[in-house]
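A.B. asks: Each chain, written out:
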Amino acid sequence: MELWMKIAAAIAIGMMLVFMFPRAKYWLEHGPKAEKGDWQAAILPILAVVGFVILLVMMVR
Amino acid sequence: MNRLDFSVARPAGSTLATNKLIKNTYMLLSATLVFSALMAAASVMIQTPPGTYLICVIGAMLLGMFVLPRTANSSAGIGVIFLITGLLGFGLGPLLTYYLALPKGPQIIATAFGGTGIIFLGLSGYALTTKRDFSFMGGFLFVGMMVVFIGMLANIFLELPALALAMSGGIILLMSGFILFDTSRMINGGETNYIFATYGLYLSIFNLFISLLHILGALSSDD
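Chains as they are written, first to last, in the working numbering: chain A, 5 to 65; chain B, 2 to 224.
Hints are not guaranteed to be accurate.
Cross-link-like lysine-lysine pairs, in silico, DSSO-like; alpha carbons within 30 Å at most [unchecked claim]:
id	chain 1	residue 1	chain 2	residue 2
1	B	K105	A	K10
2	A	K40	A	K29
3	A	K10	A	K29
4	B	K105	A	K29
5	B	K132	B	K24
6	B	K132	A	K10
7	A	K40	B	K105
8	B	K132	A	K40
9	B	K105	A	K37
10	B	K21	B	K105
Derived by calculation from the structure, the hints in this document are not laboratory data.
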């Protein structure tokens, strides 16, 4: 990557960090808390995604 | 023997509004995805230079941060969302050109494309049917994105392939979480604007595709 592209990318990512920080803070302070079984209900499909991605990698090797 | 029946009566208007929001969101999402794909194809055909990706992503990011919030409650918002998705699609051109040149390039792109579709449809279907509120994931997801951004910022200068691969893996997990989060917010009233809802889902799909492309491209070789 050329130097100007690296600097532009760094500035863009920096801007996204600045934009995202207040949202992250809001959701950490005011977001609803998980109830019983919520995290399992969220993690199971994400584990399924991990397994699916491994399958896709095996398909292209 | 008394049997207590608990039933929750939801106002019919609220259900109608949610169904309308979901319908409008998925219709707009379909249209923007098709438009984005057409722009990507055009970009590949005219062989845009590598810097196009960065310029388009920065342009889309600025539109999303400063213009979309001001226009999302008017019909101009639809034009803006098409502009954003068109830019992102156009920026994909150099990336797709690079992957097409690899051994098994077309297979990698097709697998990433199909995989993204299946992941999105599966997670959306799950969020729509399970009726669970995944809003509790908000803080975790936004902090996770910030950690990924910091990693990406560092890797611009460190240029470590393993770190880049780890970032892509992290993005796939986070975007999967965001699909559950955004879909759940539509259902439970956390998001009432279909343009913002479309924007959130589109970005999840876009980032999922890019990251999947990266992982499949890196791991497709037996070397």
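A.B. asks: None of the hints should be skipped; say for each whether it holds.
C.D. replies: Each hint tested on the structure:
1. Pair hint K105 (chain B) plus K10 (chain A) holds up; C-alpha atoms about 29 Å apart against a cutoff of 30 Å.
2. Pair hint K40 (chain A) plus K29 (chain A) holds up; C-alpha atoms about 24 Å apart against a cutoff of 30 Å.
3. A distance of roughly 28 Å separates the Cα atoms of K10 (chain A) and K29 (chain A); the hinted pair therefore holds under the 30 Å criterion.
4. With a CA separation close to 43 Å, the supplied pair K105 (chain B) and K29 (chain A) exceeds the 30 Å bound.
5. Between K132 (chain B) and K24 (chain B) the alpha-carbon distance is near 17 Å, which keeps this suggested pair within the 30 Å criterion.
6. Note on K132 (chain B) and K10 (chain A): the hinted pairing is violated, with a Cα-Cα distance of about 43 Å set against a maximum of 30 Å.
7. This hinted pair does not check out: K40 (chain A) and K105 (chain B) have alpha carbons roughly 45 Å apart, beyond 30 Å.
8. Taken as a hint, the K132 (chain B) and K40 (chain A) pair is honoured in the structure, with Cα atoms around 14 Å apart against an allowance of 30 Å.
9. Annotation: proposed proximity of K105 (chain B) to K37 (chain A) is violated, straight-line Cα distance about 45 Å (limit 30 Å).
10. With a C-alpha separation of about 42 Å, the suggested pairing of K21 (chain B) with K105 (chain B) is violated against the 30 Å cut-off.
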